[in-house]
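Visitor: These protein sequence lines are chains U and Z, in that order.
Quick note, the first sequence lines up with residues 464 to 1051 if you use the numbering used here.
Quick note, the second sequence lines up with residues 2 to 582 if you use the numbering used here.
In case anyone wonders, no lab produced these hints; they're calculated from the structure.
Every value quoted in this text rests on a predicted model; they were computed, and no experiment measured them.
All C-beta atoms, glycine included, are put in the ideal place defined by N, C-alpha and C.
There could be a bad hint or two in this list.
[Claimed, not checked] Covered, in the sense of this in silico footprint (three residues per stretch, anywhere, with C-beta under 8 Å from a C-beta of chain U), are these stretches of chain Z:
# : stretch
1 : 228 to 241
2 : 265 to 274
3 : 406 to 418
[What the hints assert, rightly or not] Calculated pairs, BS3-like style, for lysine-lysine (alpha carbon to alpha carbon, straight line, at most 30 Å):
#  : chain 1 : residue 1 : chain 2 : residue 2
4  : U       : LYS656    : Z       : LYS321
5  : U       : LYS985    : U       : LYS1010
6  : U       : LYS890    : Z       : LYS351
7  : U       : LYS985    : U       : LYS1002
8  : Z       : LYS4      : Z       : LYS190
9  : Z       : LYS356    : Z       : LYS331
10 : Z       : LYS4      : U       : LYS687
11 : U       : LYS758    : Z       : LYS319
12 : U       : LYS483    : Z       : LYS190
13 : U       : LYS767    : Z       : LYS98
14 : Z       : LYS319    : Z       : LYS94
15 : U       : LYS800    : U       : LYS864
16 : Z       : LYS319    : Z       : LYS351
17 : Z       : LYS437    : U       : LYS589
18 : U       : LYS767    : Z       : LYS94
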Amino acid sequence: MKKKNWIRVVLDFAANCRGKMIVSVICAVISVFGGIVPYFAVYNIIKLFIEGDPTTSNIVFWGLIALAGYAVKQLFFLVSTMLSHISAYTILENIRKRMADRLMRAPLGTVLNDTAGRIKNTIVDKVEEIELPLAHAIPEVFSHMLLPIAVFVYLCLIDWRMALVTLVTIPVAAISISILMRGFSEKYNKYMKSSDHVNSVIVEYIEGIEVIRAFNQSASSYEKFSYSVRSFLDFSLEWFRSTWPVMNFSLAVLPSSLLGTVPLGIHLYSTGSLSVAEFAISIILSLGIVAPLMKLQMIVNDIKAIDYAVMTADDFLNLEPIPDTDVNASISGCGIKFNDVSFSYSNNLKVLDGMNLEIVDGSFTALVGPSGGGKSTVARLIARFWDINSGSIEIGGVNIKDMPLSQLMQLTSYVTQDNFLFDCSLKENIRMGRPEASDSEVFEAAQAAQCDDFISKLDLGYDTPAGEAGRRLSGGEKQRIAIARAILKNAPIVLLDEATAFTDPENEEKIQKSIMALTRGKTLLVIAHRLSTIRNADKIILIDNGKAVQSGTHEQLIEKSSLYSSMWKAHVNARQWVAGSVKGEINV
Amino acid sequence: MFKATARIIKWTGKYKKNLYLGFVYSFFASIATAMPIMVAALALHNLILDYRGEKPLEPYYSLKMLVIIVAFVLLRFLFSYLRAINQESIACKVGAKERIEVGGILKRVPLGYFSSNHTGDISSTITTELSFIELLSMSMIDNLVNGYINVGVMIVMLAFFSLPIALISLAGVLLSMGFLEILKKASDKTSPVLHKAQEDMAGSVIEYVRGMAVVKAFGQSGTAMASIHKAFNDSKKINIGVELKYGPVNMLHLLVLDIASVGIVIVSAIFALNSTMPLPYMLMMLIFSFSIFAKVAPINNSSHSLGRIEDALNNLEKLKETDFIDTNGKDIELDNYDISFNNVRFAYDKVDVIKDVSFDIPQNTTTAIVGPSGCGKTTLCSLLARFYDIDSGSIIVGGRDVREFTCDSLMNNISMVFQNVYLFHDTIKNNIAFGKADASMDEIIAAAKQARCHDFIMELPKGYDTLIGEGGSSLSGGEKQRVSIARAILKDAPIIILDEATASIDPENEHLIQAALTELTAGKTVIIIAHRLATIQHADQIVVLEEGRVIQKGRHEELSSTEGLYGRFINIIETAGAWSL
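Construct the complete structure from the given sequences, taking the supplied hints into account.
Guide: What follows is the structure, encoded as structure tokens:
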């Protein structure tokens, strides 16, 4: 993806605040010119004295003009800033909305690949960084460029040489700034990366604090922590040190416009080509352009900051949506078929490699095989979290790409290992399965999923907020809520990624009951992580290295597949394992 | 505002000297900045005298002026450079020190601290907020302190020329200070509101992302998008509301300074008219009216940031004030590893989790802890490692109460294998070496072999130097588990706390994991949260917990012949098996 200019990106999101931005710029320009008025007024007062006719009323008159100028300057500046902040926040809102929409429409896999924390960081924190510089840049870029130009033109009318000399510090400063800017982008990016790195190490340290303690590491002895802190410090210091001389030089020179105007003005006066009054106005005006010049330099930094933030946001803004159709397909039954399916998460490693399999309508099918063989991927691909690279996946004889995502979602219930509960009541969490379900239907589903017992033990029962309950609920209990949700949905196909973390045998028994309630009469595909649970499956498909290697019932596979029978043996072995084997041997 | 400044100065600790030195240089830099304006006023005055024929210009006057102004520009450069090298690196240095220090503190606080203070808040304090302090504190403090020093000096200087003018300037500065104070108060009030708005939005985004699979699976995308859009819109409204509140006060601060400038112009012109002020003074005043407040005006930006810095410093302080769990601990060497729990009680979040638990674990035996989920098994193990302190009773290891130890010396005796494996985003080698910081490569490989890791590690493209993804994402569950066991084997502590994984990743892996665990636990004192029948059957002692109490205790043969939870439990394990649909 080609990198877009940040201005284009920002303007793309400014559709509903363009008017405000324009008004903001106009107000900023008026404000800047209002700010010139006091210089003009003071010039006139000085002129009164030079030309020898000052009176109190004259002085007060010009004083009031100056005051009016200041008032215009500040009032319009206020309006301009307010509007630019409103615009900036509106742009932020639009950027965030677009990101959220893109995420929703992108293949789910893209989202699941990232951590929620990192996505939040981009949408919330990185985007927020755009606000302040943007709010400043909108009005100030124009107004502060316009002012030095206007002053220059005005001075040209007085004396072109004075006009030129006012700007004499600019090339000097520009040269030093360009030295400073050489490699600036690169270093700035490196600095930000280095800072992000330190922060991510710290977050990791906190998340892994149990391990840190269990293994007696500390911030200073944990090499990675202290190293990243130290190298970030070294990097920043070195970078700062290298910028200080030039930076401070240009900051000292740039605003010193008197450097040119005073000597040249005196010279021109003594050669008779400049009047005292003209000298006075030149001096005063050259003081007047100092502020905007300095601001312009700050804006350069602002723009850098916007650019960096927009760049990080860009990945999300350009997420490709997964192709979708509108017309519901008519399917015959709920059998699932994989024809020569190949798929890889990233470009190099094939997870599925020419996978062929068939799941008969209304049957109980299980996928087993060594981990990393692609079992879980099969379920994700049926739910279309990702699109496959080649081959086809059919449900009821129709390619899933030819049916709308909404139809596919109606057909399938996918119970994942991650049992996410939303921050609303447990009742509403179950109702997610079918929003139009009545309370009694929700309770029925909860009962069928063996949730009723533990939910009614909670003080607020079904109205307990999931966040609060979440801390008290065990993994098994959460999974039962997820199953209740799926029971309520009552889709004809159930994809079940068997949770690996069943907390205890009692829970396990309940989960089994709830799964039976969920899958009665459905087409069921189980991604199995323990062999005993799927012994009774109609068909067990053995997956290895991205291919369906063999299939059959448990008994058939024990007979004909050496891989399966060795897995079964290992499974039985493991169940018999002895801990703390001071007593030695492993029982088989 | 000044409180916040004092706060930052205190924070700089031993670099305070450099900070003050920076203020001094900054003061000279502002004088060097003001001087060319004086020079210009003087030049204008001389030109007027020459024009009126009162006193002709000196020869080479323009050249002389050039030299003088160049000299001041160079001085300004010199002093601002000196200020930079003294001040600007301070925040980074202190920041780096804080990171290490807080890292050390977090290791010694009760583990409950992390859940009750939301891990997110802790990490944002020492990441985002500390970065903010680092980036801005020095320039903000410089703006404020030097702004006022600068204007103060100017006012004192003006007082020598004209007292009324000095008073007008002082009035302007004081009034603007008043508005800034109002601004700061407003910002103190709104910053929690803004903070909460930000948190709410972050919460919504996380829920949006984490719930996306469910939302899509149940066809609720529209609802979810509508609600996240609302969250974004709310955040916008709150932020704009705050800006609208600040804006006018901010303008008043600037306008008051402008009015004072106009006052200086009018009053000095009238004085000159009445000849109470000489002409060159007046010219100087007029030109100065434009720059006298130049350093006070931008303080409004600082006042806002200073508020944020102050908040951040408060949070940091709070973090650092947390009580250590082992303040009075001693480094203790043990000669035996018998463990006993005596009438242990522990409440978490005011809920009693462990209620009067007593049992002994003789050295070199295996104790299995069983019971329904939520009965306190994991908590009991955490108490032994002193992740929390108990409320009453005692836990004795090798004859000494765990509260007598420092965390470090206690943990020297204990290895833990957790059910949720956490690996660091680092090489496999370093993840294993975590068990023993000074381990040699041979030791690491030996441990990896014992933990059945060596083979799969050698198959990876970079072997032991392969980088593991954050949280261990690039290895399979079983592989991660074995790496974590290798870590524990390398540590070779006499006491092993083992949270037996119920997760049977896949049968083959499971077999390897069990083999690795057998290596780890051989000849050690083992306390194990057990889920497997075989584990339980072969334990020297089984402790059955229910709702925080020991309800049964003994060997498998004894317990299975008596009525009770244990019998029911074993029954479920034995029958739990195939799903029939």
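Visitor: State for each hint whether it applies.
Guide: Structure-based check of all given hints:
no., hint, result
1, 228 to 241, "holds (count 8)"
2, 265 to 274, "holds (count 6)"
3, 406 to 418, "holds (count 7)"
4, LYS656/U to LYS321/Z, "holds, 27 Å"
5, LYS985/U to LYS1010/U, "holds, 25 Å"
6, LYS890/U to LYS351/Z, "holds, 26 Å"
7, LYS985/U to LYS1002/U, "holds, 14 Å"
8, LYS4/Z to LYS190/Z, "holds, 16 Å"
9, LYS356/Z to LYS331/Z, "holds, 28 Å"
10, LYS4/Z to LYS687/U, "violated, 37 Å"
11, LYS758/U to LYS319/Z, "violated, 38 Å"
12, LYS483/U to LYS190/Z, "holds, 28 Å"
13, LYS767/U to LYS98/Z, "holds, 29 Å"
14, LYS319/Z to LYS94/Z, "holds, 21 Å"
15, LYS800/U to LYS864/U, "holds, 13 Å"
16, LYS319/Z to LYS351/Z, "holds, 22 Å"
17, LYS437/Z to LYS589/U, "violated, 38 Å"
18, LYS767/U to LYS94/Z, "holds, 25 Å"
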